[in-house]
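There are 2 protein chains.
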Amino acid sequence: MNKVVKINKDDMDVTVQPGITYDELNEALKDTGLFFPMDPGPGACIGGMVGTSCSGTHAVRYGTMKENVLNLKVVLPDGTLVKTANRAKKSSAGYDLTHLFVGSEGTLGIVSEITLRLKIRPQKTAVSVTTFPSNHHAAQTVIETMKSGVQIGRAELLDEVMIKAVNQNSDLELKEAPTLFFEFSGTDKQVDEQIAIVKDIVNNNKGQGFKFAVDVDERERLWTARKIALWSAPILKPESDVWITDVCVPISKLADCIQETKDDLDKSFLLAPMVSHAGDGNFHLFILFNSKDKKESDEAKRINTRLVERAIKMEGTCTGEHGVGVGKRAYLEKELGPGAIKLMRTIKKAVDPHNLFNPGKIIPDEQGHNKEADKEVEKESQSKPK
Amino acid sequence: MNKVVKINKDDMDVTVQPGITYDELNEALKDTGLFFPMDPGPGACIGGMVGTSCSGTHAVRYGTMKENVLNLKVVLPDGTLVKTANRAKKSSAGYDLTHLFVGSEGTLGIVSEITLRLKIRPQKTAVSVTTFPSNHHAAQTVIETMKSGVQIGRAELLDEVMIKAVNQNSDLELKEAPTLFFEFSGTDKQVDEQIAIVKDIVNNNKGQGFKFAVDVDERERLWTARKIALWSAPILKPESDVWITDVCVPISKLADCIQETKDDLDKSFLLAPMVSHAGDGNFHLFILFNSKDKKESDEAKRINTRLVERAIKMEGTCTGEHGVGVGKRAYLEKELGPGAIKLMRTIKKAVDPHNLFNPGKIIPDEQGHNKEADKEVEKESQSKPK
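Protein chains in written order, with my numbering: chain D, 63 to 448; chain S, 63 to 448.
By construction, these hints were calculated from the structure, which means they are not laboratory data.
You may find that some hints are simply not true.
It does not matter which identical chain is meant; a pair holds if it fits inside one copy or across any two.
[What the hints assert, rightly or not] Here are the simulated SDA-like cross-link-like pairs (lysine to any residue), alpha carbons at most 20 Å apart as the crow flies:
| id | residue 1 | residue 2 |
| --- | --- | --- |
| 1 | Lys186 | Gln213 |
| 2 | Lys396 | Leu143 |
| 3 | Lys289 | Glu89 |
| 4 | Lys209 | Ser247 |
| 5 | Lys324 | Leu298 |
| 6 | Lys68 | Glu377 |
| 7 | Lys251 | Gln213 |
| 8 | Lys209 | Asn70 |
| 9 | Lys186 | Lys251 |
| 10 | Lys411 | Leu143 |
| 11 | Lys251 | Ser210 |
| 12 | Lys145 | Gly401 |
| 13 | Lys299 | Glu358 |
| 14 | Lys65 | Leu418 |
Note that the structure is a prediction, hence the values are computed from the model and not measured.
Excised from the complex, chain D in its bound form:
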């Protein structure tokens, strides 16, 4: 189940089986001038990416899985085969069944085939790196960039703790300060224009040492820190477990949400390096803790709970791209209210009345869900990241 079924180059779409990874897909597309822009983390399969409605660094430019799945073939719990839509770019033909399954985490059906929208590989790509006196300054730079209308390709923020981890895991010798990575893409003229506008915004927000690169080797060198962040985080606490969590807030709240989170972490005895898909208002903490130590486990849980409650208070979400699973079930009602949970439950019961598909995920139990979910969170948090 990992084949490319059909590339429709002229329509800029591709049909694949769910087991193919996005890297394998892009390898298959390499001579077409097209690519699939989602990049949630290495090794992710398209089927899983449908399940969690994932996104990644490119979402600021190209959207998430929600915007990039054209149709699905799905098998329902009762064996019914469903084709959710055709291949037209847009359709008003009935209920939007495609979006019913994107992000449903395997609880409503098994996806057997996926048609994805593809994008044209940009003529030119450039990246820039800048450090800032605070994470608030860096986040503010991204907010102003988004408001300027510049169509950036990526906007990634690493806090000073994450940069420290990167330094320890490489010979990069970066300044240990909040660091912003931009990618620009388009035609020659567009890229030049984007860099000029963003450079001004960076300077106005006390950015220091603005470096940019167009050459592919130099670009990759500048981007290295962002690329290795995921694996570098645990180096700050060897043998630790890592609790990876994510929230997403309206972009106007991003600088405040990050700052309050950093202030909260400053008071904690645990370390939690941060990386943010800042252009979307989305950020991740990598909470480093020893799951066998009750004090550390409890503190990790408190950090996560405060993070989620902070995001929800700011009209944000308990998960921007990771999904709910069991770990975030307890927060769903706080975020969306009882009506939304009731409706999700109605849909689940109608489509899967015998609760066969991925039971216990997403939707809180009807009774005492918090207690139950809390137990499961503890269990889940003890797994190491792959």
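Put chain S on the given structure of chain D with help from the hints.
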């Protein structure tokens, strides 16, 4: 129920009540530098636009309602209040309830509040107009433009019959040939670059008399024909009824679908001017007929059926932006297969078990739906366009 509830300028979103029209909304936004890009036809309310998942001329650049509704407040048939999502730009928090309602034509809930994504008004806008030796040449020009990666603002095609109607309804004295209207937008440099690339593609496809304008008055003058097309169509058959229908196909099939439709219309004794949102593979026919004349009614129905079947055969949809209502119910199963219809029925029954909300729309009846739908189509087609 027609108020702007809150403009969040920094987050580029706005919360409105469903009764506001998109024109009124854009009026309220005029000093913000932002706008809401959907433009389905004059007078449309945001609530109705949610119901049909509409789009219009700007969809090629900004997407449809599916991509531009951030969240909804909805009242379900049992009185449950549902908030579908928060205001974060992206979320993986549970089932995508927003998309469950966008395009559901009022059959699942009553929408009481809508939060929409807004776009930055482009610095510069230009339009171009060109005539072509055939509709196939014009559609091919759009296909190649899309593949070039140029981010056009609009790409609209009027056939020679529609241009004739426009001429009769104005003093424009246009050449009665297939005519393509492009809009370009962005920064000065971007617009210049777009025009240069598109002009080459136009010339390679035998486009004639490429005119373009940046000045606002001249722009509006060039765009007039597109603007008045909707009201001009009936002039070709005074006192006629108008059956407005739409289909959408993968863009690679657009030129062929339009050509086959034109060939079909050439053999008919009825006139049906065409306008296409060509960048999306979407086009409309305005079938002019006398609903009291059985021969004409039957012929209009046959034209519509053949159009829809042609689009479905080309992996397209029976409706790109108008919705299903009763008129397209009969084609839904042919387009999506029995599994999708069964799933839509399952959802409708679960959310609205007493069939209270807009009964009879979208989903074919379980028995003999074609016969029933056909009767209703006939009834509906006798109403004149507003």
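Indicate which option fits the pair Lys396, Leu143 if close means a Cα-Cα distance not exceeding 20 Å: within, between, both or neither.
-> between (35 Å within a copy, 15 Å between copies)
Lys251 and Gln213: within-copy, between-copy, both or neither at 20 Å Cα = Answer is both: 13 Å inside a copy and 14 Å across each meet the 20 Å cutoff.
Give the relationship of Lys68 and Glu377 under a CA distance limit of 20 Å: within one copy only, between copies only, both, or neither.
-> between (41 Å within a copy, 14 Å between copies)
At 20 Å max between alpha carbons, let me know whether Lys324 reaches Leu298 within a copy, between copies, both or neither.
-> Answer is within; shortest intra-copy Cα gap is 17 Å, inter-copy 68 Å.
Indicate which option fits the pair Lys186, Gln213 if close means a Cα-Cα distance not exceeding 20 Å: within, between, both or neither.
-> Both, since 14 Å and 15 Å are each at most 20 Å.
How would you classify Lys299 and Glu358 at a CA-CA limit of 20 Å: within, between, both, or neither?
-> within (12 Å within a copy, 79 Å between copies)
Up to 20 Å CA-CA - Ser210 versus Lys251, copy category = Close inside one copy (17 Å) and across copies (16 Å); limit 20 Å.
Is it within, between, both or neither when you check Lys289 against Glu89 at 20 Å Cα-Cα?
-> Intra 19 Å, inter 44 Å, cutoff 20 Å: intra-copy only.
If the cutoff is 20 Å on CA atoms, where do Lys65 and Leu418 land: within, between, both or neither? Let me know, please.
-> neither (27 Å within a copy, 45 Å between copies)
Is it within a copy, between copies, both, or neither that the alpha carbon of Lys186 lies no farther than 20 Å from that of Lys251?
-> The answer is both: 9 Å in one copy and 16 Å across copies each meet 20 Å.
Intra- versus inter-subunit Cα pairing at 20 Å for Lys209 with Asn70 = For Lys209 and Asn70, only the inter-copy Cα distance (12 Å) is at most 20 Å; the intra-copy one is 35 Å.
Should Lys411 paired with Leu143 be assigned to within, between, both, or neither, using CA atoms and 20 Å as the limit?
-> both (18 Å within a copy, 19 Å between copies)
Hint violations for this structure: number 14 only, all remaining hints satisfied.
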